[in-house]
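So the chains spell out like this:
There are 2 protein chains.
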Amino acid sequence: MASATLTVLEACEAAKRASRVLAGADTARKDGALERLAELLGERASAILDANAADLAGERAAGLTDALRDRLTLTEARIAAIADGVRAIIALPDPVGEQLERRTLANGLDLRKLRVPLGVVAVIYEARPNVTVDCAALCLKSGNAIVLRGSSYAERSNAVLGGLVREAVAEAGLPEDAVALLGGDRAELEQLATAEGLVDLVIPRGGEGLKQALKAVATVPVMFAAAGNCHVYVDAAADLEMARRIAFDAKVDRPGVCNSAETLLVSSAVAEQFLPRVLADLSAAGVELVGDDRTRQLAGDVIVGEATEADWDTEYLGLKMTVGVVESLAAAVEHVNDHGTGHSEAIVTGSEAAAAEFTDGVDAAAVYVNASTRFTDGFEFGLGAEIGNSTQKLHARGPIGLRELTTTKYVVHGDGQVRG
Amino acid sequence: MASATLTVLEACEAAKRASRVLAGADTARKDGALERLAELLGERASAILDANAADLAGERAAGLTDALRDRLTLTEARIAAIADGVRAIIALPDPVGEQLERRTLANGLDLRKLRVPLGVVAVIYEARPNVTVDCAALCLKSGNAIVLRGSSYAERSNAVLGGLVREAVAEAGLPEDAVALLGGDRAELEQLATAEGLVDLVIPRGGEGLKQALKAVATVPVMFAAAGNCHVYVDAAADLEMARRIAFDAKVDRPGVCNSAETLLVSSAVAEQFLPRVLADLSAAGVELVGDDRTRQLAGDVIVGEATEADWDTEYLGLKMTVGVVESLAAAVEHVNDHGTGHSEAIVTGSEAAAAEFTDGVDAAAVYVNASTRFTDGFEFGLGAEIGNSTQKLHARGPIGLRELTTTKYVVHGDGQVRG
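As they're listed, the protein sequences go chains A and B.
Numbering follows the numbering used here, in which position 327 of the first sequence is assigned residue number 383; successive positions increment by one, without gaps.
Numbering follows the numbering used here, in which position 193 of the second sequence is assigned residue number 249; successive positions increment by one, without gaps.
Rather than coming from a laboratory, the hints here were simulated on the basis of the structure.
Among the clues, some could well be false.
Any copy will do: because identical chains look the same in the list, a pair fits if it lies in one copy or spans two.
[Claimed, not checked] Here are the computed lysine to any residue pairs in the SDA-like style, where the Cα-Cα straight-line distance is at most 20 Å:
no.: 1; residue 1: K169; residue 2: V216
no.: 2; residue 1: K376; residue 2: R475
no.: 3; residue 1: K169; residue 2: A109
no.: 4; residue 1: K169; residue 2: R158
Using the sequences and the hints, build the whole thing.
Listed below in structure tokens is the structure:
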């Protein structure tokens with residue numbers, strides 16, 4: 057191709073053309089493509105593993121942490137799990153064509169509001185190559201073309217996986233340009249984020265750096281699958297043993313994901329009784345603890361560092377937790393609204409009134425009573441799969457599944473109605 | 057206040073605080089504020105008319121066109137109509153708290169998806185002072201605080217009207233800071249559009265200039281109540297008398313609004329029969345016509361200028377229309393998708409297959425079969441009222457009514473569920 061500039065726009069233009077065909081494809085044809093994709097993942101496992109080994113052996117991968125290296129790594133079992141994920145998406149209902157409203161207006165117009173695909177969805181993601189297939193499968197099922205922009209660490213893995221998706225799409229009689237794979241630098245990212253009229257939605261999966269970079273330049277709509285600074289609040293009326301299990305799970309179960317908790321807030325009414333045990337448990341599980349003065353005074357033998365202002369606003373994505381004592385439920389709600397990112401927030405309480413005050417007052421995608429924040433997830437919520445979790449308020453809030461990848465169209469039939 | 061910078065942010069901060077109270081207000085209290093507002097509009101009509109007269113007599117208004125002057129002008133009848141509009145919003149169902157989904161997950165979690173207010177909505181609008189009251193009433197009913205930024209032409213009218221809204225809100229026992237009125241220049245517009253964490257949504261009502269200015273700077277979500285370059289396509293299988301009435305209505309009924317048609321496309325199969333009559337009608341109604349070569353050859357005595365490339369992409373918002381002949385339905389769909397703004401598009405045809413091809417293929421908020429594009433409107437669609445018409449695909453597409461001013465929250469109740 058002539059230049060990098062052409063590459064991004066050409067791919068988007070081809071995706072746009074393909075999206076018009078895909079929007080009209082029936083469920084059987086889309087599912088056929090996905091079925092073939094699941095098969096190809098099995099048939100070509102060795103080619104995928106070879107490419108992945110090359111990524112892992114590459115110069116770029118040398119500096120990766122163990123955690124990132126693990127995210128980049130594919131195995132036969134992981135490839136089989138990816139194929140299972142594709143089959144799970146086949147089993148989900150097709151959102152396209154769903155009739156959301158129908159009524160006959162006074163003038164006789166027959167008005168229907170129908171679910172239709174967005175068009176072209178671009179996903180920007182990090183080093184996990186399974187995302188390539190997961191996102192492509194969700195977009196295909198929802199009738200959208202997809203432009204994938206993965207990490208250069210996973211370049212070879214993604215090239216093979218993206219090629220398999222294109223092959224499956226073509227074998228099903230759909231345009232292979234419905235799936236495009238981009239590489240490239242920040243300049244190309246900006247081209248993608250400003251491809252108005254070609255790209256209908258950009259979904260960045262990644263940290264605050266990517267989010268801010270896109271906010272600064274994007275002119276196409278962006279849906280942030282963004283950070284989660286989640287809280288567990290232990291109310292005065294909490295079952296403290298339940299609270300201990302929930303706080304522990306929310307922090308320790310899988311600390312590297314967005315629905316894990318970063319801050320534990322404890323009512324002053326139960327702090328003295330509650331804190332020593334939970335802090336000891338967290339510390340024993342390897343969690344680095346920081347806290348306010350009252351927490352530190354009640355920590356007993358457990359080492360709790362001094363929480364800085366920044367700690368209350370930090371998504372650690374690891375084994376670290378900030379702990380604070382609050383005077384009241386109202387203070388807890390205010391703290392959560394001031395410091396949270398609107399992802400997932402939990403209260404542990406035996407009081408229905410306290411639960412209602414918390415769920416009404418907290419401004420977040422998901423608010424839990426007596427359950428761990430870790431459940432905010434498309435699969436757990438029964439949506440089958442997700443492309444990420446939205447912490448924004450427009451269009452989709454919470455798990456982004458098939459429905460969230462659609463828009464609507466009013467289709468209105470008349471017999472000559474005019475307004476004048 | 058110390059500076060312009062503080063003014064915008066202070067107003068937004070106060071609105072954010074007020075929005076938390078408003079989000080918890082029950083329907084009766086919100087309707088009470090609206091009822092009082094409708095009364096105040098009657099009681100204070102003379103003060104409103106005085107302020108409006110001062111706006112019309114002001115230096116700034118001297119250069120206004122008659123059309124803009126008319127938009128700025130209030131009369132007793134127009135004030136009464138604004139009050140009626142407020143009462144119509146009282147009669148609409150409160151969207152807040154609506155349960156969109158409820159299910160019990162396998163692990164026993166009780167999951168509900170509830171409709172909740174967005175928070176703080178900012179509306180940027182032009183010289184029609186009724187918009188001040190319409191938008192405030194819609195936001196209050198949907199539990200949102202509102203920041204209004206009207207035109208300096210209507211400064212005095214808006215100050216009185218905004219004051220009345222605040223008075224009504226306070227009398228109902230709600231925080232008056234839930235309604236803020238801003239003036240100011242482009243710099244203040246930028247502050248508003250970048251007030252992350254304070255403003256949850258900006259809705260610009262206005263032309264492409266405002267849209268592009270906001271796109272360049274906005275970091276808060278923006279929903280464009282944007283331009284409509286709408287088409288009427290007359291198919292080979294059309295009832296030509298019906299087509300004539302629809303094309304005429306779509307252009308002439310109210311040419312200054314976004315759902316009026318700018319382009320007429322005619323199938324080559326019927327162009328010779330159809331064009332002379334409709335062009336004569338349009339011309340007689342004062343419509344300036346431009347067209348492609350074939351249209352001009354078939355125009356007979358009617359003067360049809362040569363359409364430039366730009367004409368096909370222009371929203372005239374006035375008595376001008378571009379007319380073209382297309383070889384096929386597929387060509388019409390392609391033309392509409394290439395040149396339209398995704399607002400409202402119509403086909404006139406007696407063929408169900410042609411209608412389906414058009415409604416499936418055209419990518420727009422509203423697609424009509426045998427009806428005028430002029431019906432895309434919150435009131436006409438049965439939504440009661442609207443804050444504008446969205447041509448974007450995310451969140452709201454088409455009329456922006458009460459529901460479109462809300463987001464959702466998952467509220468999940470458990471009895472100690474953890475994931476690990």
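Hint by hint, here is what the structure shows:
| no. | hint | result |
| --- | --- | --- |
| 1 | K169 x V216 | neither (39 Å within a copy, 39 Å between copies) |
| 2 | K376 x R475 | between (63 Å within a copy, 19 Å between copies) |
| 3 | K169 x A109 | neither (48 Å within a copy, 43 Å between copies) |
| 4 | K169 x R158 | within (6 Å within a copy, 22 Å between copies) |
When held up to the earlier numbered hints, the structure conflicts with 1 and 3 and fits the remainder.
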